[in-house]
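Peer 1: Spelled out from the first residue to the last, the chains are:
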Amino acid sequence: MSVVGDPIAPPAPVPGRKLAGPRFRPGEAAFRWLLFSCLAISIAFLGVLLIYVLVAAWPRLDSRLWTNFPSIRRPERAGAQSAIFGTIWVISFTALFCLPTGIMAAIYLEEYANPDRWYNRLIELNIQNLAAVPSIIYGILGLGLLARQLGLGTTVLTASLTLSLLVLPIVIISAREAIRAVPQSIRQASLALGATRWQTVRRQVLPAAVPGIATGSILALSRAIGEAAPVIMLGAVTYVAFNPEGLGSAYTVLPVQIYGWISQSREEFHHLAAAAIVILLGLLLAMNATAIWLRNHYSKRW
Amino acid sequence: MTAPVPPSPAGTRSLRRARPHYGEAVIKALLFLAALVSVGTTVGIVVALIPPTADFFQRVGVWEFLSGTEWTALFSDPKYGVLPLLTATVLITVIALIVAIPIGLGAAVYLSEYASRRTRGIFKPILEILAGIPTVVYGFFAFAFITPLLQDHWPFGDPPEVKNALSAGLVMGVMIVPTIASLSEDAMSAVPYSLRDGAYALGSGKRTVSVRVVMPAALSGIVAAFVLGVSRALGETMIVLIAAGAKPDLTLNPLHEMQTMTAFIAGAASGDVSTASFEYKTIFAVGALLFLLTFVMNVISIRLVRKYREVYE
Numbered sequence: 001m002s003v004v005g006d007p008i009a010p011p012a013p014v015p016g017r018k019l020a021g022p023r024f025r026p027g028e029a030a031f032r033w034l035l036f037s038c039l040a041i042s043i044a045f046l047g048v049l050l051i052y053v054l055v056a057a058w059p060r061l062d063s064r065l066w067t068n069f070p071s072i073r074r075p076e077r078a079g080a081q082s083a084i085f086g087t088i089w090v091i092s093f094t095a096l097f098c099l100p101t102g103i104m105a106a107i108y109l110e111e112y113a114n115p116d117r118w119y120n121r122l123i124e125l126n127i128q129n130l131a132a133v134p135s136i137i138y139g140i141l142g143l144g145l146l147a148r149q150l151g152l153g154t155t156v157l158t159a160s161l162t163l164s165l166l167v168l169p170i171v172i173i174s175a176r177e178a179i180r181a182v183p184q185s186i187r188q189a190s191l192a193l194g195a196t197r198w199q200t201v202r203r204q205v206l207p208a209a210v211p212g213i214a215t216g217s218i219l220a221l222s223r224a225i226g227e228a229a230p231v232i233m234l235g236a237v238t239y240v241a242f243n244p245e246g247l248g249s250a251y252t253v254l255p256v257q258i259y260g261w262i263s264q265s266r267e268e269f270h271h272l273a274a275a276a277i278v279i280l281l282g283l284l285l286a287m288n289a290t291a292i293w294l295r296n297h298y299s300k301r302w
Numbered sequence: 001m002t003a004p005v006p007p008s009p010a011g012t013r014s015l016r017r018a019r020p021h022y023g024e025a026v027i028k029a030l031l032f033l034a035a036l037v038s039v040g041t042t043v044g045i046v047v048a049l050i051p052p053t054a055d056f057f058q059r060v061g062v063w064e065f066l067s068g069t070e071w072t073a074l075f076s077d078p079k080y081g082v083l084p085l086l087t088a089t090v091l092i093t094v095i096a097l098i099v100a101i102p103i104g105l106g107a108a109v110y111l112s113e114y115a116s117r118r119t120r121g122i123f124k125p126i127l128e129i130l131a132g133i134p135t136v137v138y139g140f141f142a143f144a145f146i147t148p149l150l151q152d153h154w155p156f157g158d159p160p161e162v163k164n165a166l167s168a169g170l171v172m173g174v175m176i177v178p179t180i181a182s183l184s185e186d187a188m189s190a191v192p193y194s195l196r197d198g199a200y201a202l203g204s205g206k207r208t209v210s211v212r213v214v215m216p217a218a219l220s221g222i223v224a225a226f227v228l229g230v231s232r233a234l235g236e237t238m239i240v241l242i243a244a245g246a247k248p249d250l251t252l253n254p255l256h257e258m259q260t261m262t263a264f265i266a267g268a269a270s271g272d273v274s275t276a277s278f279e280y281k282t283i284f285a286v287g288a289l290l291f292l293l294t295f296v297m298n299v300i301s302i303r304l305v306r307k308y309r310e311v312y313e
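For the protein sequence lines, the chains are P and C, in the order given. Using our numbering, the letters of the first sequence correspond one by one to residues 1 to 302. Using our numbering, the letters of the second sequence correspond one by one to residues 1 to 313.
Hints listed in this document are in silico derivations from the structure and should not be mistaken for laboratory results. Mixed in with the good hints, there may be bad ones.
Distance windows between CB atoms, simulated [as the list claims (entries may be wrong)]:
no.	chain 1	residue 1	chain 2	residue 2	range
1	C	Gly40	P	Leu193	36 to 44 angstroms
2	P	Gln184	C	Ser277	53 to 61 angstroms
3	C	Gln58	P	Arg266	54 to 62 angstroms
4	P	Ala44	C	Ser204	26 to 34 angstroms
5	P	Ile88	C	Ser204	33 to 41 angstroms
6	P	Ala40	C	Pro78	33 to 41 angstroms
7	C	Arg212	P	Ser185	38 to 46 angstroms
8	P	Arg203	C	Gln58	36 to 44 angstroms
9	C	Gly61	P	Ser249	42 to 50 angstroms
10	P	Val48	C	Gln58	46 to 54 angstroms
11	C	Pro78	P	Ser249	49 to 57 angstroms
Quantities reported herein were computed from a predicted structural model and do not represent experimental measurements. Glycine included, every Cβ here is placed at the ideal spot set by N, Cα and C.
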């Protein structure tokens, strides 16, 4: 096509030299494979763990698990009803205590606090630090201060209060993220129309942030459901043959019941522990699925 | 034509503050109180720890506590040397980190630099599941599956004991992987693309860019993730309580049964220790040491995270 000698014609390709495609580098491929195997190992571990628990639980995965109470002498007929009800009681009150407080704290930090003030910075730092304090320390707080000094005893109330303090930083951090995701223009429009700050928060910001807050709250509560260490210190014992009847009632929860069964030497108790773990994991899976569904269904793109 | 507009009576006041909203002030105060609950928690922890710890150190010297090699706090002839608990804690932490740091960092580099959006969308939630599994379940897995596996296939010398530090450490390592992976990935994703593009322009391959450019640029965030991992390992209770046992011996052999600080606290508090007794106070003394250790780790980690955020945002 092109006229011979045309100055803008591309030079004829030199045989044997081309720019297309990088050369194969074995080091690169090996490195990529190594990195992927890190991920694969973790996922394989998760798979083996789940399969092992299911297999170990198989002989005892039946309705007696939630219709019967625990029994030391007859593991083959023992159930975890008191632990299941105890978990429901403790978690309900934990939600009641920590969700309002956490969301209010998040609103304060995002909408009202002046980040240059020393006390607001202190609150933020403190929350970050609390999020990484070991859960057993919260057990000490609950035992030393709530149960003994305030005289609340080892009851559903103490356990719920302790667990709500434990997950409060998680609730605050996730609620803040949800509130921060609401664009500034929404607030400015509301304020420009004469709304006060609280009216803006109440009618514009919070409704928009609800899906994010709900997602974070569910994840925080699922953390609380799985906690055993602080509750073990707070007098949850393994053989409670009744369901809680109020805030002042003695109780047990699933993780503590599982721990109690693991500590028994007889084989039947290990099947029982695995079966209770399946219930616990099922509960957590349901909560996580709800959280993910909420996030996908209600999340808004601005 | 038009009559001059008479100055409105409000004209001089229109820019002034609107009437005071007392309700607003009340609401702000309430919200502030809610935020103070978290500060109250820290104060509560310190208040719960200090008086019993002070009582403890009136009878046991600080030096005796920190350098003693025998811990028999609940026996009739009590000795209060915390070293056996401390070495067990540190040993298991080290084992956990040997597992968690390479795997967590490798997974983070893969997710941040190599994985496509779709792959990342699949694998990140799976890693998050690992983080959401209750530690009592990890403990059960370590004790009932990993330990027998190690005992059956132990290639050198004596096999591990029924309760041992090795299984607890290994499983704890996997538990910490998501913590390290997600924090390191955040730090690496925050590295600006111009740095990577510059390295590519100089002819670097992907491996060189990841290891020589992105990782050093995100170093403070990666180190923060490691430090947070240490803090998690120091404070982890259920895995060590179930899989590592309750025998406070001063040994560095990971095949032996040993007791960590957290395992002692949980074990002693759940037993029948009366409030008035001196044994009860040992729980708080060990707790204070643990709180101090993890507090220092957390402060370092928070500082480092802040450092990389300041650079790249």
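Peer 1: Does each hint fit the structure? Answer for all of them.
Peer 2: Evaluated hints:
| no. | hint | in the structure |
| --- | --- | --- |
| 1 | Gly40/C <-> Leu193/P: 36 to 44 angstroms | 37 angstroms, holds |
| 2 | Gln184/P <-> Ser277/C: 53 to 61 angstroms | 58 angstroms, holds |
| 3 | Gln58/C <-> Arg266/P: 54 to 62 angstroms | 45 angstroms, violated |
| 4 | Ala44/P <-> Ser204/C: 26 to 34 angstroms | 32 angstroms, holds |
| 5 | Ile88/P <-> Ser204/C: 33 to 41 angstroms | 56 angstroms, violated |
| 6 | Ala40/P <-> Pro78/C: 33 to 41 angstroms | 49 angstroms, violated |
| 7 | Arg212/C <-> Ser185/P: 38 to 46 angstroms | 42 angstroms, holds |
| 8 | Arg203/P <-> Gln58/C: 36 to 44 angstroms | 58 angstroms, violated |
| 9 | Gly61/C <-> Ser249/P: 42 to 50 angstroms | 43 angstroms, holds |
| 10 | Val48/P <-> Gln58/C: 46 to 54 angstroms | 50 angstroms, holds |
| 11 | Pro78/C <-> Ser249/P: 49 to 57 angstroms | 35 angstroms, violated |
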